[in-house]
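*Asks:* When you get a sec, could you build the whole thing from the sequences and use the hints?
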Amino acid sequence: MRAAGSGWQAEDGGRRDWTGWLFVAFFTLPFLLFNLAPLLFGVVLAFTEWGIIGDPVWVGTANFEQALADPWVANAFWNTFLYACTIVPGVVVLGLAFALFVHQRWPLSTLARTLFFTPNVVSATVIGLVWVWLLDTQFGLVNRYLAFLGIGPIPWLTSGDWSLIGVSIASIWWDLGLAFVLFLAALQDEPQELHEAAAIDGAGRIRRFLHVTLPHLRPTISMVVTLQIIASMRIFSQVYVMTNGAPHGSSQSVIHYIYQTAIVQYRLGYASAVSVLLFLAILVVTLLQRLLLRERAGG
Amino acid sequence: MTPGDSFSTRSDGTGSVGAADHGAIRHDSVVVCQVRPIGPIDSRFGRGRAAVTEGRRDRGRQAMDTKWRWSRRSLARAMGAAAAAPFLFHGRAPHAQRTIEIVHWSWLAASDGEIWQQSIDAFNEAHKGKGVQIKMELVPEEQFVTKVLAAVVTGRAPDFGWGTAGLRAKLVKDGVIVPLDDVAKKVGLDLADFDPFALQQARYPKYGNVLAMVPMDLMSLQPLVNLAHLKEAGLDPTKFPEDGAGLLELAKATTKKEGGKVVRSGILMTGSGVHPTVTWGIVAAQMGFERASSDLKRAAVNPKAGIAAMEWVLDLFDKHQVATRDVTDRYKAFGTGQGTVFWTGPWTLNGYTQQKLDFAAFLFPKIGQKRVTYFEMGGLELYKQADAGRYEATMAAVKWLSDNSFLWTTVGRGASPRKSILARPDYKTAGHDWKVRGAFIEGMSFATEGEIPVQAGPDFTIYSGGNFLAKTLEQVWAGKSKPEEAMARIGEHWQKALDAG
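Here the protein sequences come in this chain order: A and B.
Note that the first sequence ends on residue 299 in the numbering used here; no numbers are left out.
Note that the second sequence ends on residue 1501 in the numbering used here; no numbers are left out.
Hints are computed from structural coordinates only; laboratory data are not their basis.
Quick caveat: nothing in here was measured; it's all calculated off a predicted structure.
A virtual CB, placed ideally from N, CA and C, is assigned to each residue, including glycine.
Fair warning: there could be bad hints in the mix.
Simulated restraints on C-beta separations [stated by the list, open to error]:
| hint | chain 1 | residue 1 | chain 2 | residue 2 | range |
| --- | --- | --- | --- | --- | --- |
| 1 | B | LYS1185 | A | VAL57 | 31 to 41 Å |
| 2 | A | VAL126 | B | GLU1485 | 36 to 46 Å |
| 3 | A | PHE209 | B | ASP1315 | 55 to 65 Å |
| 4 | A | LEU194 | B | SER1071 | 29 to 39 Å |
| 5 | A | TRP58 | B | LYS1185 | 51 to 61 Å |
| 6 | B | ASP1315 | A | PHE34 | 49 to 59 Å |
| 7 | B | VAL1263 | A | PHE27 | 53 to 63 Å |
| 8 | A | VAL126 | B | THR1336 | 14 to 24 Å |
| 9 | A | LEU134 | B | ASP1433 | 34 to 44 Å |
| 10 | B | ASP1315 | A | ARG205 | 52 to 62 Å |
*Replies:* Laid out in structure tokens, this is it:
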């Protein structure tokens, strides 16, 4: 049903109402200009050598060959994989644990709900700066409390063995809030009759959690895992603020390496090639995940 | 009247009944309404009142219909007009006196940045109402060159910015940086007043030997010493070792350990980044290593000295245990008393003085065969503009900043390259106490380890935490690479860079 005088079908047959196109254009134009066009430009740039001044010089696949042979690129991808392996389980397990705590409505659960979510509203830069101080080897709070437990000072951000873990701790603390909220919502949606039925059948708390709650949470867990994997593969701010990839590249992520190559060294062609490789890696991971989920759903 | 008749009134109050009176609807004077059978009404007004009421409803409906049609289209038009407005009115300033706004990019973010801001403010104050002002923007140092390049390409480059002598060869070669010889003469900048060494550093012999910047200050790395630590260790706070052995002795006396781990460094170091790299560079130069020969044809001359210097740095951590790799922020670490000796530049003086740290600056000791320290010269460079007419106004502003750089070179940062400023009787007494400033002035005599003025200069600089040199040396500091292997890789990379020009 068309509103009177809408102009969709003008009586003279020649008029059009461009209002709809205008509203769509508000999203489409910026998307084309700032997302699609730079993406395509970046892919083309990956096959060139360009230092901003002058025209890009076509080099074919040389950038990709160099990237695949560059130990620093391999190091960055390996570190990113380790970040994902550390952050994703950390966020999922802790997010679920906090959501369960709040869901029980134990004392202080209302306060806990606010505290658990609050880090998520702060920027990654602030999180990084705060955790640089907390994780300081000599006067950081974390080492101070560990000392009470008899554990010696850990060089969280200055040792190649610990720097990635130090950055991961800050990232888990930051990302926890969103996972917590998603899990809490899913828990609140859980049908209580199943728990009652299981209780009547003699199932204890743990068995009810494993056989009633967890299956119900499976879609939410899957979503949180997907979001966290993508976020971990794109980690940058925490690395930049906390360690700048140091020491000796032990905490450098792929995005940080791309930033160093493009913005600091202005080797845009090479940086674009590494970006394309990262894009392909994320694509492969996403497709694998969808395949696994489809198999599970089919099973 | 019977139901179905139409009734119309005119603004003069007269009315008539009949189909002929229908006419077009006009909101201001004519109301057309249908007479409808309605319920009981006030007899004084009868059908007329009912008709007017009905007419009001009709008018309201028509108004609503019209408003509804109007708001969708007019909303779209209004939004389009609002989006276009900035572009339509851009550049249409009223015909008042136009002020030339000179855009300046600075990456000074330490305590020196506060003093530089004061210098810019002083210029703007002195030129208020004279048609020229400087607009300063802060750009992070590591992004500076890339952003300048991008800005030049798009024709929106800043007029001038901070540069480091010896690191801009590629920009000079590509014409991004404007040669200043002619424009300096035009505005009357007295180049004879500059230290010849400073002017030499501002040129690139391989690329036309043009003057690429106006030197603003000369810096060197000298040790700052926490005097409270010296007093605590029973040492004379007015004396500092002149050689490497004395330095290690002092460091051992002031180092504190807990459980075998260094918790307060005698010589403040970090495990990666700029500090160990520049330390290696200074010590290597003192031991006879040359990053490039004077004719810029051979790289890594005397590699054995370079290897020995790497071992000297490693010994600080592992053999003498006067330093720890576990320092995250060296500036903060010195400011909070985590280290006794910290070699750095004059850009830190303002911050430590403000926090009233008990410290003094001394001359860098002679660890190798000759006394050498890192040299850095900061200056102002002009960037290519779409409108070449801006160069003169910009150069005049730079000249003013240089002529009035007394505050900058006594409180802000390094020594002045201007003879007239150095000759001022109050040069030594103004600004920071000579106890913290003097070494940076007197130490210029042996600050000769500067930059290599080639296109790949940034890869040669010893004052970097992220270039090829720093990344290669980090492997050594972490024990993942032997000094000999690192030296071979560095030599190979640098030779390729020199061969490329």
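*Asks:* PHE209/A and ASP1315/B, beta-carbon distance inside 55 to 65 Å?
*Replies:* 57 Å, holds
*Asks:* Is it true that LYS1185/B and VAL57/A lie within 31 to 41 Å of each other by Cβ?
*Replies:* 38 Å, holds
*Asks:* Look at the Cβ atoms of ASP1315/B and PHE34/A and judge whether their distance stays inside 49 to 59 Å.
*Replies:* 53 Å, holds
*Asks:* Is the gap between the beta carbons of VAL1263/B and PHE27/A within 53 to 63 Å?
*Replies:* The hinted range 53 to 63 Å holds for VAL1263/B and PHE27/A, with Cβ atoms some 56 Å apart.
*Asks:* Is it true that VAL126/A and THR1336/B lie within 14 to 24 Å of each other by Cβ?
*Replies:* Once the Cβ atoms are compared, 21 Å apart, the range 14 to 24 Å for THR1336/B and VAL126/A holds.
*Asks:* Evaluate the given range 52 to 62 Å for the C-beta pair formed by ASP1315/B and ARG205/A.
*Replies:* 59 Å, holds
*Asks:* Between the beta carbons of VAL126/A and GLU1485/B, is the distance compatible with 36 to 46 Å?
*Replies:* 41 Å, holds
*Asks:* Do the Cβ positions of LEU134/A and ASP1433/B conform to the proposed distance bound of 34 to 44 Å?
*Replies:* 36 Å, holds
*Asks:* Kindly confirm whether 51 to 61 Å is satisfied by the beta carbon distance between TRP58/A and LYS1185/B.
*Replies:* Given about 43 Å between the Cβ atoms, the range is violated.
*Asks:* Is the distance from the Cβ of LEU194/A to the Cβ of SER1071/B consistent with 29 to 39 Å?
*Replies:* With Cβ atoms ~51 Å apart, the hint is violated.
In terms of the numbered hints stated before, the structure departs from hints 4, 5, listed from lowest to highest.
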